[in-house]
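In order, the protein sequences belong to chains A and B.
As numbered in our numbering, residues 1 to 465 make up the first sequence, in order.
As numbered in our numbering, residues 1001 to 1149 make up the second sequence, in order.
FYI, nobody ran anything at the bench for these hints, they're computed from the structure.
A couple of the hints might just be wrong.
Incomplete in silico selection of chain A near chain B, CB under 8 Å [claimed, not checked]:
{"#": "1", "residue": "Thr2"}
{"#": "2", "residue": "Ala132"}
{"#": "3", "residue": "Asp147"}
{"#": "4", "residue": "Trp149"}
{"#": "5", "residue": "Ala371"}
{"#": "6", "residue": "Ile379"}
Glycine included, C-beta positions come from ideal geometry on N, C-alpha and C.
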Amino acid sequence: MTWFSIAVLLPIIASAFLLARLNGGRRGLLTHLPTAAGLGLGTSSVVWWGIMLLPLASWRFVIAVDVTLWTLACGVIWRVAPWPAAPNEDGKRSWLDRWPPRVLLIVPLAGAAVYFVAVTATTPHGIWDAWAIWNARARFLFRGYPDVWTQAFSPVLDWSHPDYPLLVPVSVARAWTYVGRDHLAVPILLAATFTAGIVSTAAMSVARSASAWRGVLTAVMILASPAFLANTVSQCADIPLAFYVLTTCVLVGRATETGGRPAWWAVAGIAAGLAAWTKNEGLAFTAIVLVICPAWSYRSRRWRGLAGIAPLFAGAAPILAALVMFKLLLAPPNDLIAAQSMGHVLSSLQNVDRVQIAVTAVGKELWFGGASQIGVLPILALFVIATGLRRPLPIGPMLGLAITGALIVADILAYILSPHDLAWQLLTSLDRVIVQVFPALVWCGMSLARVRAGEPRLASNTPGF
Amino acid sequence: MPLTSESSSRWIFRSARTIACGAVLLLLYLPASDMVPIAQWNLHTWGRLRERHRDAPDTGQDRANQALASVLPATGVVGFLNASTGDATRARYFLQYSLAPRLLVPSIDQEFVIEYGVPSATTGLSRDARFALVKEFAQDLRVFRRISR
Chain A
1 MTWFSIAVLL
11 PIIASAFLLA
21 RLNGGRRGLL
31 THLPTAAGLG
41 LGTSSVVWWG
51 IMLLPLASWR
61 FVIAVDVTLW
71 TLACGVIWRV
81 APWPAAPNED
91 GKRSWLDRWP
101 PRVLLIVPLA
111 GAAVYFVAVT
121 ATTPHGIWDA
131 WAIWNARARF
141 LFRGYPDVWT
151 QAFSPVLDWS
161 HPDYPLLVPV
171 SVARAWTYVG
181 RDHLAVPILL
191 AATFTAGIVS
201 TAAMSVARSA
211 SAWRGVLTAV
221 MILASPAFLA
231 NTVSQCADIP
241 LAFYVLTTCV
251 LVGRATETGG
261 RPAWWAVAGI
271 AAGLAAWTKN
281 EGLAFTAIVL
291 VICPAWSYRS
301 RRWRGLAGIA
311 PLFAGAAPIL
321 AALVMFKLLL
331 APPNDLIAAQ
341 SMGHVLSSLQ
351 NVDRVQIAVT
361 AVGKELWFGG
371 ASQIGVLPIL
381 ALFVIATGLR
391 RPLPIGPMLG
401 LAITGALIVA
411 DILAYILSPH
421 DLAWQLLTSL
431 DRVIVQVFPA
441 LVWCGMSLAR
451 VRAGEPRLAS
461 NTPGF
Chain B
1001 MPLTSESSSR
1011 WIFRSARTIA
1021 CGAVLLLLYL
1031 PASDMVPIAQ
1041 WNLHTWGRLR
1051 ERHRDAPDTG
1061 QDRANQALAS
1071 VLPATGVVGF
1081 LNASTGDATR
1091 ARYFLQYSLA
1101 PRLLVPSIDQ
1111 EFVIEYGVPS
1121 ATTGLSRDAR
1131 FALVKEFAQD
1141 LRVFRRISR
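Construct all of the structure, not just a fragment, from the sequences and the given hints.
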């Protein structure tokens, strides 16, 4: 590892500049950093994948192209000022300026950190799926370039799902290339980065739209979920996907605010595209976003609304193009889809037992979320019922609820149609599938809860979402 | 008088907010507490590993598996044979993880074959005249090379 390895962070810096610029001005770089880290890692994995396909034949050339592109991106985004900075206001701009929220965060953050370190120390390679699928693929990409990296998608490895999208393995392989070896710390840091991104993005957004206290409660709620915490250390793609699901909802929320800038739609499109680039479930999520948002837009402003939402598609398009290229050029067929036939689909849908088992299991997982007595979501529901709903209902969280709800329905449908043993499929994947939407559900709930008149609000030009 | 009323309502509001926050946090302790035993167990395991100056089990296994790379070709397909009577799925998948970018297939049709497990009196490549032992790495891992078809 050399000092040059630090260049691996250039996409994160570029994303932080971008988010700060979207807020107008250059303020809040640190505030945006956790969200920017997730977005930067995601976009850099798409770019890296594109560079890997070029006939460069050496890591040196790949790194040279990567560094040049991201240095240029940083420079351009830093220089270009699409909007004037928001005027200064007297109100508090940092949601952690007040000491009680800070104190309240210490215990859950410390607890989560201890859990993360302790479990990672005993299972540094992650859970079975992490080393067998995601980290193994990253090793193929890193160790096999330029000659045999495509072996990662060989049908011989059908048990490791070679059709899964590439965000996690390419991100790990990219960092290994900069570091110079396949260091165990890279996938661990990646998992920690996305976890921090989720907690920070959700908390910051709620703090900005409601109050600092609500932001802190949001963070505590996410960290109190056993299923969420258990997945943070797994090193699988579920936490990154949860990050992109949440970030898309949050950015869509920002874009739908009064006077929302079209660029927020573009970044929301990038986040939605990155969800598809992370996992196959993310593809369903992206499709849902690209249907629900335009439908809402058309309903509210007809054709002008649809034109206004075009940046959403523009943001997602390059990433979806990379995904299509991967699926067409390298990925073998997906096992769930390859095993389907019209007869199987119809018989599965008519199988009431199967439908009942899948719906009940999803309901239970939503209720418990890995806990033995009560999960976080019922507590969140109690909180929202106790406080009441905000009036008028904010559009962003409502769209978020519609999107996550549709994704849960799509997941139930996937379970019903699965060619595998349903009990085994539910046992081995349901907690992860629900974790993918969990942070977004918490964000929706906390953003919809009514804010009392006396609660200290942050200034409206607060950096963040 | 209005000032007193305002400050008293503010106090009531703050108290109500504190109680509500406290109640929610108490409730949130219920799901969070389920993670405490897992954290404790992992801390205990980590402590024991450090006491004995040992790596995590997977790290040790990965290192042992990667030692096989010294006698295997850098790329290509390598065979895998489970000579034990038990299930070797995890061992095979973990070997694949360690030995990437080589491809590991459950077959003995390749030039190099990794034999896993302790063979019984009648099984195992050491009794197969078509193979010669290249190196034995541990009690349960051996690399063989095909010497004739």
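These are the hints, each one checked on the structure:
The interface hint given for Thr2 of chain A is violated, since its Cβ lies 24 Å from the closest Cβ of chain B, which is over the 8 Å cut-off. A distance limit of 8 Å between C-beta atoms decides the matter here; for Ala132 of chain A the minimum to chain B is near 5 Å, and the interface restraint holds. Evaluation of the Asp147 of chain A hint against chain B yields a held restraint, the C-beta minimum of about 7 Å falling below 8 Å. Among the interface hints, the one on Trp149 of chain A holds; its C-beta lies about 7 Å from the nearest C-beta in chain B, closer than the 8 Å criterion.
Among the interface hints, the one on Ala371 of chain A holds; its C-beta lies about 4 Å from the nearest C-beta in chain B, closer than the 8 Å criterion. With its C-beta approaching chain B no nearer than about 5 Å, Ile379 of chain A sits inside the 8 Å limit, and its interface hint holds.
This entry does not satisfy hint 1, going by the numbered hints stated previously; all others are met.
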